[in-house]
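J.: For reference, the chains in residue letters:
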Amino acid sequence: MDKKSKFNTETPTDPASTRREFMSNVFMGSGLVVSHLFAAGLGIRYLYPSEKDAKQRLFVGLKSEIAPGTAFTYQAPGGQSINIVRQTTGFIALSDVCPHLGCRVHFEPSNGTFICPCHDGHFDANGSPISGPPAEMGAALPKYDIVTDGDIIYLEMVVKS
Amino acid sequence: MTAMEWVKSRFPVDQQSIILRLQEPVPNHLKRWWWCLGGMPAYLFIIQVITGVILAFYYVPEPSRAYESVARISHEIPLGWWVRSLHKWSANLMIVTVILHTMRVFFTGAFRAPRELNWIFGALLLIITLVFGFTGYSLVYEQLAYWGATVATNLADTVPLVGTYIARFIRGGSEIGPDTLTRFFVFHIGILPTLVLVFLSLHILMVRTHGVTELHFEDEDPKEKQTFRFYPDHILTELMIGVGLLIAISAVAVIWPPELSEKANPLVTPAHIKPEWYFYFTFRWLKIAGLNAAVLTLGLASAIFVFWPFADKALTRVFKRDLTVPLGIVAVLGIFALTIWEAMAH
Amino acid sequence: MSLNAKRIIVGLLSFLFLVTLIIVAWVEGLQERVGFDPLPVLSGDNRPCFTCHQEKTPGIAAQWADGMHAKVGVGCYDCHLAEKGDLDAWHHEGKLISTLVTPKDCGRCHKDISAEFQKSHHAKAGQILGSLDNVLGEIVEGPAAAHAGCQQCHGSKIAFQKDDRGEIKKDKNGKPLLEPTTWPNTGIGRLNHDGSIGTCSACHSRHRFSIEMARRPDNCGKCHLGPDHPQKEIYEESKHGIAFVTADQQGLMKMSEAEWVVGETYNSAPTCATCHVSATKNQPASHNPGARITWTLRPVVSKRQENWEDKKRAMVDVCGNCHAPDWIAGHYTQYDNAVNLYNDKFAKPAKRIMDALKKAKLVTATPFDDKIEWTYFYLWHHEGRRARMGASMMAPDYTQWHGFFEVAERFYQELIPEARELAHNHPQVEAVIAQVLEMEPHRWKKEMSQAELERVRSFYKQRYGQGEGAHPPAGTPPAQTPPPAETPPAAEPAEPTPQPTDHQPAPAKPSEV
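Protein chains in written order, with this note's numbering: chain Z, 31 to 191; chain W, 721 to 1066; chain F, 21 to 533.
So that you can see chain Z by itself, here it is in the shape it has in the complex (with noise of 0.2 Å):
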């Protein structure tokens, strides 16, 4: 009955009790706000249009047809050139577009790195910048995923038509 009687009084005064209202109050309004915004979170991901569905996979060649230390370019359906470079570990694909000022970049098999002609930018067979402008600015080449299946080399990627 106690505990009952507490119910219809009036708000407590007394420093402990209103520090325990005042904790009370914040564990419930914090555990509102992070589960409802959440949900909104869930909500917004219902909403906002995916693109990520749109991957899909493209036929670019065989391993057992590139050498080892090799690239060769990939034309994407949307017009995009991308090298497939193999390496020991794998394959890596990378955009040919330099990050600096959108020069096409070349891959040299001599030394395995990627050149941008326009202003001597180097990137490593990962893409990475070595010198040059894209150095300076520590942009790497693009990449894209590569997933094989077999001796089958597929890119994924959004395709539009």
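Hint data in this document are derived by calculation from the structure and do not stem from the laboratory.
The beta carbon of each residue, even a glycine, is placed where N, CA and C say it ideally should be.
Incorrect hints may have been included.
[Unchecked claim] Simulated DEER-style distance windows between Cβ atoms: (1) F:484 <-> W:1009: 13 to 23 Å; (2) F:80 <-> W:766: 36 to 46 Å; (3) Z:118 <-> F:263: 27 to 37 Å; (4) Z:134 <-> F:116: 19 to 29 Å; (5) F:484 <-> W:878: 57 to 67 Å; (6) Z:118 <-> F:65: 24 to 34 Å; (7) W:987 <-> F:263: 16 to 26 Å; (8) W:766 <-> Z:79: 18 to 28 Å.
Mind docking chains W and F on chain Z? Use the hints.
T.: Just chains W and F now, with coordinates in the frame of chain Z:
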């Protein structure tokens, strides 16, 4: 301070008076969970509005694309399965809680003078909720939904005098056709929500003006204060229930996401057609009583249900005793039995 | 409950709600997105080919765009590319290409499948130069019949047009000219210029390469039909084929699914592919359709396949998705019995007689110049196969009326009388024929037991109210047969009259044994 004053002069609402109004005392019996059923449908209605609105972003109310758009929501749109599942489960729970709330009000006699009008609003809200469920189910455009709609509109057809016209109006033609789905859609997202808002406002307004019926129980201490504050005490109780509901429907939504059965085929009636569970009793009654008798009895029963406070008064005058509880028990058991019967039938 | 307790409960519930939402997000991560239809992809080298061929050969271009290859960007050049030195390579719009795409080309990506197929009996269908069928097509009928007929199923030997010096002729664009009698050709055992054998497009028709098409019975029906191997008609007559038609109309076959596993993906009916090619829960799909068959049903005398017990187990595994072990075992008993009956009663004796005739030089070494050689060919190559194949795939009419009935007729009514005629005054050969007819299964011709005859008579009496339906062999007067007056008179002229020559063996020479 000047900013506050600027706001206050443009938005002249006195917060103190709102809080004061919210702090109005409510009777102690509301501390019992059983008396919190009325808030739950309102809460669920808000969830329905939110999930319904965002479902409408992808749903296409057109016979040739409706099913595909639901399939897209279920399988393609990120989290679409969840939103659809929430909408479905929350709808089912809303029907359950509305029925429970109605039963509570009925058996405690809270519909009596001067609250007859509020019973009527509540009864209409229950009927609207059922129509909500029916139209929503039809929008999925599954085989069962389609044939459910066919049976229901043909049922309306048999109502004496006006039946044909009502059925024709609902269907948008003499047969289920391209306009039927559009009509169901407009009912579901436009007319019914508006009606709910209107009746719900009236319902709450009535509760506020009359106050709730006060009830006393034996285990109460008569020396204790007879009331407690609506805010924050009762609001917090409702909040507990609300978040509990959110957890419950989110959980069932993940565990039992709604499936998508075969697409509606106007040429093939499925072997076993069944409505949603809340129409089982009407469906079974239809099988027992025959078409015309069932439609007439159901119509009559609905009318008695809506105008029960007056029926109650008349009955008491005639039989010289209160028949609410025995009649209520008979009705509930009858409906329950018919529902179970239909559920057991394959 | 105090207000603080309530607040804490609301807070706790909120965090529980958050946990639920996190589970929702996690479940979402597990969802597989279905219904996304990939676009046809034209990448790099394929774009110019496609653009031009969309004008020139719009059908091919559209078929490719509808197919699965298009969806992953495998385009014209990926299959038609040629290497320097390839016999059929030519420069076309700046690219070295070849017209023919052989299993070697398909095997660049589909390595294991191509290898398995090239080891199959299917891939060897083109190697029939020494067969009687080839003599028939190329010589008895004529080359044009072989090119447009035989080789369109069996496969041609790809050849090029040659000039006087033996060089491959080329057109003005430098395109090597293929010998038109050998190309176009999609025969399954094609002998390709690059050393590979077979052709994938025999079953996987270009340029759409629809997996569903390959799984449909019609696909096999390009070759497996007709008087000598009517497997498709046999299938259609069987319960399996009947079930398929309805299941297919009701959309239960799911033949376009990537993974098509009987007992999982579909249950309603098998197609040819189900039993002979496609996957079950226990075995992968095989591109060797012979991997699950127990008998050779094509030669004069059927033999067990190599490792037939293993192959039978593989087939029984397929059957087991629908049938209980007893049922399967019972079917195999009926099937084996039918094959043995054909072998022992008709094939081996007929072969023995033919060998004796050849040995005695009563039949020349040249095939098909003697009437009896045609008779014999009909017996095993057409009728005998129908009987055996009908029994193998549960088609009663093909087993009996199109099968054993015709085998028996050919044997008793044509082969034996013709052999007798040839063997006249050749006691050794006559003795062989007599020995054959002395065999237990043929003894009925001499004397049918009284009981047997009585049974036939009373059956027709009961069933049709007529006297006898079967006439006893002349010379064995039927006991208790009603006087001839009771047989229907002129009203039933169709009633066969006994022909003594047919039923009565020529005066039997005393057996030498």
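J.: All hints, please: hold or fail.
T.: Verification of the hints:
1. Taking the beta carbon of each, residue 484 of chain F and residue 1009 of chain W are about 59 Å apart, not inside 13 to 23 Å as hinted.
2. For residue 80 of chain F paired with residue 766 of chain W, a C-beta distance near 58 Å fails the hint of 36 to 46 Å.
3. Here the CB-CB span from residue 118 of chain Z to residue 263 of chain F is close to 55 Å, at odds with the stated 27 to 37 Å.
4. Residue 134 of chain Z and residue 116 of chain F have their C-beta atoms about 26 Å apart, which keeps the hinted 19 to 29 Å range intact.
5. A C-beta distance of roughly 59 Å is found between residue 484 of chain F and residue 878 of chain W, which places it inside the suggested range of 57 to 67 Å.
6. Restraint check, residue 118 of chain Z to residue 65 of chain F: a C-beta distance of roughly 27 Å satisfies the suggested window 24 to 34 Å.
7. Residue 987 of chain W and residue 263 of chain F have their C-beta atoms about 23 Å apart, which keeps the hinted 16 to 26 Å range intact.
8. About 26 Å separates the C-beta atoms of residue 766 of chain W and residue 79 of chain Z, a value consistent with the hinted range of 18 to 28 Å.
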